[in-house]
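Q: Keeping their order, the protein sequence lines are chains R and W. When we follow the UniProt record's numbering, the leftmost residue of the first sequence carries the number 1, and every step to the right adds one. When we follow the UniProt record's numbering, the leftmost residue of the second sequence carries the number 1, and every step to the right adds one.
Treat the hints with care, as some may be off.
Claimed, not checked - Each computed DSBU-like pair below joins lysine-lysine, with the alpha-carbon atoms no more than 35 Å apart: (1) Lys188(R) - Lys285(W); (2) Lys142(R) - Lys259(R); (3) Lys192(W) - Lys85(R); (4) Lys217(R) - Lys249(W); (5) Lys192(R) - Lys85(W); (6) Lys285(R) - Lys192(W); (7) Lys188(W) - Lys280(R); (8) Lys205(R) - Lys188(W); (9) Lys280(R) - Lys78(R); (10) Lys205(R) - Lys259(R); (11) Lys259(W) - Lys192(R); (12) Lys285(W) - Lys205(W); (13) Lys259(R) - Lys188(W); (14) Lys285(W) - Lys191(R); (15) Lys259(R) - Lys217(W).
Said to hold, decoys possible - Restraint-style ranges between C-beta atoms, simulated for each label pair: (16) Lys191(W) - Gly19(R): 22 to 28 Å; (17) Lys85(R) - Ala175(W): 20 to 26 Å; (18) Glu295(W) - Met1(R): 33 to 39 Å.
By construction, these hints were calculated from the structure, which means they are not laboratory data. What you are looking at is a predicted structure, and each value in this text was computed from that prediction instead of being measured. The beta-carbon is built from N, C-alpha and C at its ideal position, and this holds for glycine as well.
Number of protein chains: 2
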Amino acid sequence: MSLIIIGTVAFDAIETPFGKTDKIVGGAATYASLAASYFYDKVKIVAVVGDDFGQKNIDTFAEHRIDTEGLQVKAGEKSFFWSGKYHNDMNSRDTLVTELNVLEAFDPIIPDNYQDCEYLMLGNLTPIVQQTVIKRLKNKPKLIVLDTMNFWMDIMMTDLLETIKMVDVLTINDAEARQLSGEYSLVKAAKKILTMGPKYLIIKKGEHGALLFGEGKIFSAPALPLAEVFDPTGAGDTFAGGFIGYMAKVGTVNFNNMKNAIIFGSALASFCVEKFGIEKILNLKQEEVAARVQEFVNLSAFTIEP
Amino acid sequence: MSLIIIGTVAFDAIETPFGKTDKIVGGAATYASLAASYFYDKVKIVAVVGDDFGQKNIDTFAEHRIDTEGLQVKAGEKSFFWSGKYHNDMNSRDTLVTELNVLEAFDPIIPDNYQDCEYLMLGNLTPIVQQTVIKRLKNKPKLIVLDTMNFWMDIMMTDLLETIKMVDVLTINDAEARQLSGEYSLVKAAKKILTMGPKYLIIKKGEHGALLFGEGKIFSAPALPLAEVFDPTGAGDTFAGGFIGYMAKVGTVNFNNMKNAIIFGSALASFCVEKFGIEKILNLKQEEVAARVQEFVNLSAFTIEP
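Required output: the full structure, derived from the provided sequences and hints.
A: Next comes the structure, spelled out in structure tokens:
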């Protein structure tokens with residue numbers, strides 16, 4: 001049994017008010033698989049890079065027991081590259097460069113030994129590629145989580161809706177939930193989106209936490225108030241990876257376990273933003289993760305005497 | 001022993017995407033005292049109206065056992081009037097009319113039988129008038145809560161800082177916390193503001209809940225996700241009134257009690273926005289309030305097995 005994560009594996013160049021980086025390793029599948037690896041040891045990625053990515057970077061996955069058999073390396077081609085600059089509030093950013101490169105013709109290959117997939121994370125990518133992965137799995141996974149963004153709503157809504165139909169959990173941010181549903185109220189938006197296919201909806205609200213809708217219930221997860229957000233890149237992917245990694249670990253799909261999965265995903269994401277890129281989530285100790293989760297407990301617990 | 005609430009008692013005319021009102025009763029002290037009356041039975045208001053306000057409206061306070069001896073009625077003068085129109089997102093609004101009228105020369109009178117004040121809520125008003133009330137109380141109250149807004153930061157920062165120095169709890173929204181502190185991070189903002197006088201800071205984040213800072217701790221309170229916000233007017237005042245009313249009821253000032261006070265204040269505010277003006281918070285049953293508080297518990301509770 002395994003957890004498959006599909007998404008980008010890429011180079012980023014990031015500028016924040018705190019500094020800037022050269023090309024560093026990034027990509028949704030990178031962040032998500034690293035995050036998931038803290039909870040589950042059968043994480044496998046499906047992605048594509050150029051031969052500029054380099055064996056040393058590929059080894060990073062192996063160091064976290066992440067299977068890279070599904071990572072295609074295209075000879076003579078270049079990896080996906082994104083460069084962006086965050087504004088002072090760290091909540092908005094400008095994209096400076098997007099070079100699709102190998103991503104342009106990405107045809108996801110599912111190795112035979114990935115066919116034991118029980119948990120599938122579809123990281124942000126074109127909806128067509130996301131669908132292809134679902135179709136190439138011989139058995140329907142126990143849980144499919146889809147992450148997407150406004151970009152695909154703008155240019156490929158029909159395909160995106162097809163993909164959304166096929167998944168169990170959708171994770172998007174509040175603006176995207178409003179765009180997808182045409183409803184301003186998140187309660188109404190969720191109601192509508194839960195008729196589109198997914199049984200659960202996670203609305204990510206950044207510094208305001210996240211909302212989980214499903215089984216007729218709502219869970220409001222806090223975000224950890226941080227003195228400094230150093231680099232928000234990958235926080236959403238880290239959240240999603242931590243979420244599905246924790247779900248794979250507990251092994252039972254229900255609302256209660258998802259609540260905890262959101263807390264663990266949020267904890268990982270709160271580490272992610274403390275340094276540039278993947279640096280901070282490369283070498284966390286389990287005790288650090290547990291202590292961070294306890295901070296979430298302390299942050300939101302209250303007891304009302306009846 | 002009593003809870004004194006100072007603020008506006010006024011007329012509002014409100015337009016939202018759901019409809020519009022003629023002149024209806026509003027004002028920070030109105031919302032706050034009604035909210036507080038659900039938890040505490042010695043609520044007293046300090047405010048001023050013109051004789052256009054009318055005995056019938058004054059009787060509303062008596063019906064909630066709210067003492068109006070400190071409510072001055074100025075013969076031949078008109079009550080404060082505000083008119084506003086909410087945008088479709090309900091998060092922003094345009095002020096259409098502001099007529100200060102009696103408020104222009106408001107000199108707050110503290111009747112002798114208000115000198116037993118243990119809890120003081122300074123609703124949004126000019127910082128000078130807020131200070132005057134503190135100075136006219138012969139004994140320092142056990143808890144002083146100050147509500148203010150960006151308007152006073154823009155035009156009377158020095159006076160506002162003087163008032164802030166004199167209080168125990170400050171309630172402002174996130175944008176105001178950033179403006180007051182010059183810090184974008186709310187953690188840094190809170191740290192700075194807690195050196196300005198108050199021992200506790202409540203940052204109201206509207207649909208994203210509220211944060212409480214103090215005693216070196218942080219509490220993140222959820223907001224109830226609502227299908228429909230009918231009219232947000234007075235929600236902040238209702239929150240503050242519910243907060244201090246609950247604190248007066250429990251009678252011990254500490255972080256833990258404040259956490260619950262924020263939940264009770266949020267519950268009252270969640271009712272407030274369901275109808276125009278004060279309509280919804282006029283006649284709530286205690287069971288309704290308890291059920292709403294239970295919704296907050298269900299919304300945010302999770303259990304992490306160690």
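Q: Does each hint hold? Answer for all of them.
A: Against the structure, the hints come out as follows:
no.	hint	verdict
1	Lys188(R) - Lys285(W)	holds (27 Å)
2	Lys142(R) - Lys259(R)	holds (18 Å)
3	Lys192(W) - Lys85(R)	holds (28 Å)
4	Lys217(R) - Lys249(W)	holds (32 Å)
5	Lys192(R) - Lys85(W)	holds (28 Å)
6	Lys285(R) - Lys192(W)	holds (32 Å)
7	Lys188(W) - Lys280(R)	holds (22 Å)
8	Lys205(R) - Lys188(W)	holds (20 Å)
9	Lys280(R) - Lys78(R)	holds (26 Å)
10	Lys205(R) - Lys259(R)	holds (15 Å)
11	Lys259(W) - Lys192(R)	holds (33 Å)
12	Lys285(W) - Lys205(W)	holds (27 Å)
13	Lys259(R) - Lys188(W)	holds (29 Å)
14	Lys285(W) - Lys191(R)	holds (29 Å)
15	Lys259(R) - Lys217(W)	holds (23 Å)
16	Lys191(W) - Gly19(R): 22 to 28 Å	holds (23 Å)
17	Lys85(R) - Ala175(W): 20 to 26 Å	holds (24 Å)
18	Glu295(W) - Met1(R): 33 to 39 Å	holds (38 Å)
Figure legend: structure checked against the earlier numbered hints; every hint is met.
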